[in-house]
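Could you put together the complete structure from these sequences and hints?
Here our numbering is used: the first residue of the sequence shown is 18, the next is one more, and so on.
Just so you know, these hints were derived from the structure itself, not from any lab.
Treat the hints loosely; a few may be bogus.
[Unchecked claim] Keeping only pairs whose Cα atoms sit at most 30 Å apart, straight-line, the calculated BS3-like set for lysine-lysine is:
no. : residue 1 : residue 2
1   : 48        : 175
2   : 76        : 161
3   : 64        : 185
4   : 161       : 84
5   : 135       : 185
6   : 188       : 135
7   : 76        : 25
For clarity, every value in this text was computed on a predicted model and none was experimentally measured.
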Amino acid sequence: MLTAALDKITENQDLTEQEAIDVIHRLDTGKVNTAQIAAFLAAIRTKGETIPEITGLAKGMLEKALKINTNGMGTVVDSCGTGGDRSNSFNISTASAIVASAAGLAVAKHSNYSITSKCGSSNVLEALGIPLLTTAGDVENNLKEHSIAFIHAPYFHKSTFHVNQVRKELKARTIFNYLGPLTNPARPVGQVV
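Dropping the structure here:
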């Protein structure tokens, strides 16, 4: 499916939402090589991302993500940003997650290492000595006990593991920068901006 999607995009045609979902399903097989991933990321960025493409990729990622149960935990929010601002700015999304939790919100912070920016949320957490949570149970327990949990995306989105490696090598913003705030496996009801 990735070859068909790539052919369509390079002809300046938009993917349907279902075709974008199918891209994630194909990535999940682990049978897509890095050249195809890089070509897809560059081509869709050059063409310009559409709402159905972003929506489809997000839906596909959420279908494949490890599930986190937040029932009974109140209003769960996230402060995940898009990253990749290239301005060497301070990572504010992690600090805002801590402030929001201290103010009484339950925060399931979707995080990752820096891919296209100076410092990602997971880099900040490691620098502070905060362990990255690796299981849904760990996230659920942290939310219950502390009203905050940091969800390290690579542990919860196995379908896009190889994409992250390519993104690091590309060192450019891609459609996946938009997907971070949209694919939190805890399915928060709000986003702290």
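Hint check results:
1. 48 - 175: Since the Cα atoms of residue 48 and residue 175 sit roughly 13 Å apart, the hinted pair holds (cutoff 30 Å).
2. 76 - 161: Holds, at roughly 26 Å.
3. 64 - 185: Holds - the C-alpha atoms of residue 185 and residue 64 are around 21 Å apart, at most 30 Å.
4. 161 - 84: The hint holds at about 16 Å.
5. 135 - 185: Measuring from Cα to Cα gives roughly 12 Å; hence the hint holds.
6. 188 - 135: holds (11 Å)
7. 76 - 25: Answer holds: residue 76 to residue 25 is near 20 Å, not above 30 Å.
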